[in-house]
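Chains A and B are the protein sequences, given in the same order.
Heads up: the first sequence at position 123 corresponds to 123 in the numbering used here, and the numbers run straight through without jumps.
Heads up: the second sequence at position 301 corresponds to 301 in the numbering used here, and the numbers run straight through without jumps.
Be a bit skeptical, because a hint or two may be false.
Here are some, though not all, of the chain B residues that point toward chain A, as calculated from beta-carbon distances under 7 Å [as the list claims (entries may be wrong)]:
id, residue
1, L84
2, N192
3, G204
4, V210
5, T211
6, Y214
Pair by pair, the computed Cβ-Cβ distance ranges are [stated by the list, open to error]:
id, chain 1, residue 1, chain 2, residue 2, range
7, B, I117, A, D142, 38 to 46 Å
8, A, Q70, B, L186, 32 to 40 Å
9, A, E165, B, V13, 40 to 48 Å
10, A, M92, B, R218, 47 to 55 Å
11, A, E165, B, Y125, 30 to 38 Å
12, A, I87, B, L185, 35 to 43 Å
Result set (DSSO-like, lysine-lysine): computed pairs, CA atoms no more than 30 Å apart in a straight line [stated by the list, open to error]:
id, chain 1, residue 1, chain 2, residue 2
13, A, K107, A, K120
14, A, K18, B, K122
15, A, K107, A, K191
16, A, K107, A, K196
17, B, K122, A, K107
18, A, K107, A, K18
Because the hints were derived from the structure by calculation, they are not lab data.
The beta carbon of each residue, even a glycine, is placed where N, CA and C say it ideally should be.
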Amino acid sequence: MANILEIDGLMKSFGGIKATDNVNLAVEENELHAIIGPNGAGKTTLIAQLSGQQMPDAGTIRFRGRDITQVPAHARARLGMTRSYQITSLVMGMSVLDNIALAVQAKDAHSFRFIRSARKIASLRDEARRYLAEVGLADRADAPTVNLSHGEHRLMEIAIALASEAPLMLLDEPMAGLGPEESAQMVAFLKGLKGKRTILLIEHDMDAVFALADRISVLVYGHIIATGDPASIRGNDDVRHAYLGEE
Amino acid sequence: MTQGLSRSTVATVILLGLLAVLPAVFMAMDNEYYVGLATRLVILGIAATSLNLILGYGGLISFGHAAFVGIGAYAVGIPVHHSLFGGFQIVASNNGLFHVALAVVISALFALITGAICLRTKGVYFIMITMAFAQMVYYLFISIDTYGADDGLVIYQVSQVPLIDLSEPLHLYYLAFASLVAAILLVRMIVNSRFGMVLQGAKGNPERMVTMGYNVYRYRLVAYVISGAMAGYSGALLANYEGFISPDMMDWAQSGEFMFMVILGGVATTLGPILGSTLFTVLEEGLQIVMDWMEPAVEPAYVALFGRDLEFEVYWHLPFGLILIFAVLFVRGGIMGLIRGGKD
Ligand SMILES: Nc1ncnc2c1ncn2[C@@H]1O[C@H](COP(=O)(O)OP(=O)(O)O)[C@@H](O)[C@H]1O
Ligand SMILES: [Mg+2]
């Protein structure tokens, strides 16, 4: 199967800390690839370099065969990748529907359109409502984003990723801070997306990861120590030693 | 929300209604002075409305807005000067349409060039660099002796425009008022458009807008240029109103006043900037009157202490500043916030 994303020799340091230490990784089209690793392993930093918020010190990132290492973040999004944030990142001062509508609108060639009122453009609003309905937030559409609960904010992050229709979704701990019930809902939801999109999933919750992932990579101190299917990762001695906490 | 909306609609109708009618009444009562005051507040209101686009809706704390106004004013002063006294043939003109075109184009260009640089910075750096560019223009005009250097330039002839005579106070006023209404409608249309949604989204969370695929920098730059061009237009009106231009129009303190008007009136509200410019102008005048009136009570003690006459009203800046600081610190959302009754 073709690789949608290829990472070669990626390096990123903050002062003395090697947050990304020679990462090599290939993500296949339409797989759900999970990245696990202890806190501070460099998972978020890796996502930030893939989506373009941070520039690597060395190495290359290829998206569908094209070198995007120097491509700015907004242009990468337009090529077909979307990310969610571990720490919720939404436009709090706007309504829920406005946030999703912005993600829908982002697919237009440009938004230098000054005349028509954006909130009256039915195609934008209807499409945004559909994505809200998909994540179960239809009845919250008109609420100010700031009024929603943490769990609802996590769902909004997913709705934005869906609205982008990007073939590659980079999800940074979508279950972070969710209760058991909400987590289970999110797992079910991601399961439903499997095979339709390529998902690079960063997750702390092992049960969720082993339930969802086609393949898993284990990141420790910025370096990938193992990649494989869930069974082989479970059985890998290095992984058990370094991460799963078994002696 | 509905109540807040209807309240601000009522406020809009009342304020615009007063502005539409009062100057004609003042004129009928032979009180030209107040017509002038109204003209001034309306022109400042246009400048504040343009600033609100980037400051209020864009979250860009631009501290150099007076430069655009000043450029617009010199775009009237310089052509008129040369049309009367010769020289600089290509701009020499008393044609108002030419003045306005020049004001808008030059201030838009200035916004494009400086904005392209300023918008690469963030936070306090952005504030400083917008101010620095404005001061640059200020010092530029201080150094040009032809245009009076720091003494400024008297404009001996108003801009000549079709149908109306800008030396007639009411004509100038209603042109300014119509321009204000147009400016409000324009900003309203822009902020509600798809462009405006991106601009406002970038105010709330620029990084998220980038990861959605928006080139935030470009959207902000376009907003900056629109805002600068509108401010330049207001400067052309201001030059005709004052009949005099000087580098002081672009001083940083002047930029600060525009920011105060926007914040005082209520950022990111349709009417806030005009409420701000109205309150600003009324306070400026009112405080001088009040202090003049209080003078007899204070004067004997002053004369006894310092042995000279007191001109109490020249100290109006002090209470003025205190009121502004108080309003900004304690009235959330400015005057519009009060009108909406704390609801948003
Ligand atoms: N902007 C930054 N400046 C300095 N150090 C950083 C920065 N971002 C991350 N780090 C450091 O890099 C390491 C990896 O962080 P992060 O990618 O957030 O880990 P994870 O997401 O796996 O918990 C940590 O040691 C963290 O302190
Ligand atoms: Mg992280």
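Okay, the hints, checked on the actual structure:
{"no.": "1", "hint": "L84", "verdict": "violated (39 Å)"}
{"no.": "2", "hint": "N192", "verdict": "holds (4 Å)"}
{"no.": "3", "hint": "G204", "verdict": "holds (4 Å)"}
{"no.": "4", "hint": "V210", "verdict": "holds (5 Å)"}
{"no.": "5", "hint": "T211", "verdict": "holds (5 Å)"}
{"no.": "6", "hint": "Y214", "verdict": "holds (6 Å)"}
{"no.": "7", "hint": "I117(B) to D142(A): 38 to 46 Å", "verdict": "holds (40 Å)"}
{"no.": "8", "hint": "Q70(A) to L186(B): 32 to 40 Å", "verdict": "holds (38 Å)"}
{"no.": "9", "hint": "E165(A) to V13(B): 40 to 48 Å", "verdict": "holds (44 Å)"}
{"no.": "10", "hint": "M92(A) to R218(B): 47 to 55 Å", "verdict": "violated (24 Å)"}
{"no.": "11", "hint": "E165(A) to Y125(B): 30 to 38 Å", "verdict": "holds (36 Å)"}
{"no.": "12", "hint": "I87(A) to L185(B): 35 to 43 Å", "verdict": "holds (39 Å)"}
{"no.": "13", "hint": "K107(A) to K120(A)", "verdict": "holds (18 Å)"}
{"no.": "14", "hint": "K18(A) to K122(B)", "verdict": "holds (27 Å)"}
{"no.": "15", "hint": "K107(A) to K191(A)", "verdict": "holds (25 Å)"}
{"no.": "16", "hint": "K107(A) to K196(A)", "verdict": "holds (19 Å)"}
{"no.": "17", "hint": "K122(B) to K107(A)", "verdict": "holds (27 Å)"}
{"no.": "18", "hint": "K107(A) to K18(A)", "verdict": "violated (36 Å)"}
Checked against the numbered hints above, the structure violates hints 1, 10, 18; every other hint is satisfied.
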